[in-house]
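Number of protein chains: 2
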Amino acid sequence: MFKIKKQKNRSDQRIGLIKTRKGVLKTPVFMPIATKGAVKNLTPEELESLGAKLILGNTYHLWLRPGSEVIKKAGGLHKFMNWPGPILTDSGGYQVFSLGEKMLKRRGGNFVKITDEGVQFRDPIDGKKYFLTPEKSIEIQLDLGSDIIMVLDECPAFPCTRQKAEAAVARTTRWARRCKDFFEKESQPHPNPSLNKGRERVGSKRPLLFGIVQGGIYKDLRQRSTRELLEIGFDGYAIGGVAVGEPREYLKKVLNYVLPLLPENKPRYLMGLGRPEEIVSAVKAGIDMFDCVIPTREARHGRLYKFKVQSSKFKITDKNFYETLQIDKTKFAKDFKPIDGNCGCYACQNYSRAYLNHLFRTNEPLALRLATIHNLKFYLELMEGLRR
Amino acid sequence: MFKIKKQKNRSDQRIGLIKTRKGVLKTPVFMPIATKGAVKNLTPEELESLGAKLILGNTYHLWLRPGSEVIKKAGGLHKFMNWPGPILTDSGGYQVFSLGEKMLKRRGGNFVKITDEGVQFRDPIDGKKYFLTPEKSIEIQLDLGSDIIMVLDECPAFPCTRQKAEAAVARTTRWARRCKDFFEKESQPHPNPSLNKGRERVGSKRPLLFGIVQGGIYKDLRQRSTRELLEIGFDGYAIGGVAVGEPREYLKKVLNYVLPLLPENKPRYLMGLGRPEEIVSAVKAGIDMFDCVIPTREARHGRLYKFKVQSSKFKITDKNFYETLQIDKTKFAKDFKPIDGNCGCYACQNYSRAYLNHLFRTNEPLALRLATIHNLKFYLELMEGLRR
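For the record, the sequence lines run as chains R and D. All letters in the first sequence, in the order written, are residues 1 to 388 by the numbering used here. All letters in the second sequence, in the order written, are residues 1001 to 1388 by the numbering used here.
Here chain R stands alone, though its shape is the one from the complex:
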């Protein structure tokens, strides 16, 4: 399921392969975000041509709209959104918890209620009540047809007291166990083989299930969480509860707490990160998988990434290997060079900075598309460079 092709000398970096039922992924891998079943502004064909192999769908958003039963009826998320490659879905937990924090600040009162059974919340749009349990999260992800399923975890925001972090770790472990049990039951082949026909989720066609390490910034809690998940046993291990508002210097520490405990033969996924330099340093530390809204969101704000060196010559040891262009600035209005003369993306091959500048300043929707194409190409090239 995961095979290390190469371990770099004098570094913990690995280059590997993850086998999913929808194809093999080279790692380190970056997944563009298709929150609501579409990467903003792009078609699946464009994603493929940029070199994207794995995308992330958000369980919370898809459960509420259009509803997992609609996607199930459509034949799964792949068919619904026309993406043939592997899809990873999160558990929905992170969105529910951050929704809770947001609503608490905005309206006061507990919009989200967490018990050991699960999390109750209301749809902020229509007020409808939902109850997300570990079992429900797995069920939704199976209905979506996800190829890499994440367990439901409790993910407290930073700052978080030791006591709260400890309770979150304990609940995360209990929920991980319930997720695993439910997943095993659901992916068990039926004793009558003819009833398994067409059931994609069973046997060798089953999706992968990943556990999520919590524990905030506390060494012993991170280690405890890791050990407890290892005991349950998963196809891969994610590090959650990072990029939740903590100062950046904690990231390295958390990786140092967790990574030495993880087995070499399982993929490691750092959730929700990050800036290019964070990805480089996490890869060096031994992380295999990333998802992040940064390239697509920054693109929509006209901030375009550019390698300072040609990406094919990119070395993992280079400091300051990239810069960003705020493309709607006046200085680009008459700049007829491409965003990056060394970039092979559709935007750089066909348009000038001046054209992008014009599209952004006049709110032409094509601006967002061209910028998204370019920034994703940058991230995917970065991963390609890191795999070399």
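Treat the hints loosely; a few may be bogus.
Per label pair, the in silico range of CB-to-CB distance [stated by the list, open to error]:
| id | chain 1 | residue 1 | chain 2 | residue 2 | range |
| --- | --- | --- | --- | --- | --- |
| 1 | R | E139 | D | G1341 | 30 to 38 Å |
| 2 | R | E264 | D | N1363 | 41 to 49 Å |
| 3 | R | R162 | D | H1301 | 20 to 28 Å |
| 4 | D | E1186 | R | K331 | 26 to 34 Å |
| 5 | R | K102 | D | P1247 | 26 to 34 Å |
| 6 | D | N1350 | R | T330 | 33 to 41 Å |
| 7 | R | I4 | D | G1067 | 53 to 61 Å |
| 8 | R | G51 | D | N1363 | 26 to 34 Å |
| 9 | R | K102 | D | K1073 | 44 to 52 Å |
| 10 | D | N1363 | R | E139 | 26 to 34 Å |
| 11 | R | R162 | D | S1049 | 57 to 65 Å |
| 12 | R | L104 | D | G1341 | 43 to 51 Å |
| 13 | D | S1204 | R | Q349 | 27 to 35 Å |
Restricting the straight-line Cα-Cα distance to at most 30 Å, the calculated cross-link-like pairs of lysine-lysine (BS3-like) are [as the list claims (entries may be wrong)]:
| id | chain 1 | residue 1 | chain 2 | residue 2 |
| --- | --- | --- | --- | --- |
| 14 | D | K1334 | R | K334 |
| 15 | R | K73 | D | K1136 |
| 16 | D | K1337 | R | K22 |
| 17 | D | K1136 | R | K136 |
| 18 | D | K1205 | D | K1136 |
| 19 | R | K334 | D | K1073 |
| 20 | D | K1331 | R | K72 |
| 21 | R | K129 | D | K1072 |
| 22 | D | K1072 | R | K306 |
| 23 | R | K40 | R | K19 |
| 24 | D | K1079 | R | K337 |
| 25 | D | K1205 | R | K329 |
| 26 | R | K79 | D | K1331 |
| 27 | R | K306 | D | K1073 |
| 28 | D | K1006 | D | K1072 |
Calculated from the structure, these hints are not laboratory results. We put the CB at the ideal spot given by N, CA and C, even for glycine.
Mind docking chain D on chain R? Use the hints.
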């Protein structure tokens, strides 16, 4: 320059070819609108694959932003926006006049001042003063690199008194003469042939220049305007001052006033129209060229066109040959059929109504793109049907 391939029996419909310096256009032809140098949400490659051959750029918008000097420096609009085919540009007049009407209603006072010399107006965004003359309009369009250039006309909104319409016709004729003179001078080859090298606008490489008939709803004024333009002589003739707020029944009348006077061997362009049934009836009356925001604007509002009969079997005599789907309505939430099972567009070939419904309801930008692709395909198929 214009060749009639076929005149339909018992109808004034023509099927023809317009030769431009960027290629030959089959008529009747519909041009998608690239107001600010981009058809909203689409790339030129997508337009081409939909079968678009000619697009329209708006002189007013491009003059103000990014400025015609920027586009000239970029090597012209074709290069700036990456569209290799022919481009028609309007004169900028229509936008200035409708801006005047709008600002008059909103703020009172004359935001736009018309004299015989030209039109003075302010950029509603930054307040900067501009002065558009017939010569300036042609100069801008030459700088943009337009392949079909429109003269500056005076285009009063409906309702318009006879007196006002008459004055507008007289001024339109005077301006048309000045446009022609300036255009002729600018497209005159230099006596020293080596100085003409690289000058795309001269000799056989010169763009086409079209006159615009005004006269409101008044028969004699429409006829006078037509005759006066014919006397000056243009490469084609447009009917302006329609779709400016007048009741729909006037369209047929205006076509009846003007078309019998126009020569058979020049293309005829009905400006700013229209709904599918209006296009069909105008083609029957002998119109060759159309531009309209309807397919792209309706797409952005989730109104999708669909033939009731398969478009390859479409007959010009069919009544009610199409319908519209308001795709964000609940009834489409679980409708897994394509928008139109007979449509070959990218949206219909790859996505369901349910997916479009979901994208629209959750404000995913891909919605606008898929809808735009589909509606333009509908219009371009309609033209294809009308050419058969």
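Structure-based check of all given hints:
Between E139 (chain R) and G1341 (chain D) the Cβ separation comes to about 33 Å, which falls inside the hinted range of 30 to 38 Å. Restraint check, E264 (chain R) to N1363 (chain D): a C-beta distance of roughly 44 Å satisfies the suggested window 41 to 49 Å. Look at R162 (chain R) against H1301 (chain D): about 53 Å separates their beta carbons, and that is not inside 20 to 28 Å. At about 33 Å, the CB distance of E1186 (chain D) to K331 (chain R) agrees with the hint of 26 to 34 Å.
One distance hint, 26 to 34 Å for the beta-carbon pair K102 (chain R) and P1247 (chain D), is violated here, with the actual separation near 52 Å. For N1350 (chain D) paired with T330 (chain R), a C-beta distance near 40 Å keeps the hint of 33 to 41 Å intact. Between I4 (chain R) and G1067 (chain D) the C-beta distance comes to about 56 Å, which sits within the given range of 53 to 61 Å. Evaluation of the 26 to 34 Å hint for G51 (chain R) and N1363 (chain D) yields a pass: the beta carbon distance comes to about 28 Å.
Here the CB-CB span from K102 (chain R) to K1073 (chain D) is close to 47 Å, well matched to the stated 44 to 52 Å. Judged by the Cβ atoms, the range 26 to 34 Å given for N1363 (chain D) and E139 (chain R) holds: they are separated by roughly 27 Å. Distance hint check for R162 (chain R) and S1049 (chain D): the Cβ-Cβ separation is about 59 Å, which falls inside the suggested range of 57 to 65 Å. Against the hinted window of 43 to 51 Å, the Cβ-Cβ separation of L104 (chain R) and G1341 (chain D) comes to about 48 Å, which satisfies the hint.
Roughly 32 Å separates the CB atoms of S1204 (chain D) and Q349 (chain R), a value that falls within the hinted 27 to 35 Å. Among the hinted pairs, K1334 (chain D) with K334 (chain R) is inconsistent with the structure: their alpha-carbon atoms are about 48 Å apart, more than 30 Å. A distance of roughly 59 Å separates the Cα atoms of K73 (chain R) and K1136 (chain D); the hinted pair therefore is violated under the 30 Å criterion. At most 30 Å may separate the alpha-carbon atoms for a hinted pair to count; K1337 (chain D) and K22 (chain R) meet this at roughly 25 Å.
A threshold of 30 Å between alpha carbons decides the hint, and for K1136 (chain D) with K136 (chain R) the separation of about 67 Å lies outside it, so the pair is violated. Between K1205 (chain D) and K1136 (chain D) the CA atoms are separated by roughly 21 Å; this keeps the pair inside 30 Å, and the hint holds. The suggested pairing of K334 (chain R) with K1073 (chain D) holds, with an alpha-carbon distance near 8 Å, which does not exceed 30 Å. The hinted pair formed by K1331 (chain D) and K72 (chain R) meets the criterion: a straight-line CA distance of about 18 Å does not exceed 30 Å.
Taking the CA atoms of K129 (chain R) and K1072 (chain D), the gap is near 58 Å; set against the 30 Å cutoff, the hint is violated. Using a Cα cut-off of 30 Å, the hinted pair K1072 (chain D) and K306 (chain R) holds, with the two alpha carbons roughly 27 Å apart. About 27 Å separates the Cα atoms of K40 (chain R) and K19 (chain R), which keeps this hinted pair within 30 Å; it holds. Of the pairs offered as hints, the one joining K1079 (chain D) and K337 (chain R) holds, with about 13 Å between alpha carbons and a cut-off of 30 Å not exceeded.
For the hint linking K1205 (chain D) to K329 (chain R), the alpha-carbon distance of about 37 Å lies beyond 30 Å, and the restraint is violated. Taking the CA atoms of K79 (chain R) and K1331 (chain D), the gap is near 20 Å; set against the 30 Å cutoff, the hint holds. At roughly 25 Å between alpha-carbon atoms, K306 (chain R) and K1073 (chain D) fall within 30 Å of each other, so this suggested pair holds. A hinted pair counts as satisfied when its Cα atoms are at most 30 Å apart, and K1006 (chain D) with K1072 (chain D) does not qualify at roughly 39 Å.
Going down the numbered hints, you'll see the structure goes against 3, 5, 14, 15, 17, 21, 25, 28, while the others check out.
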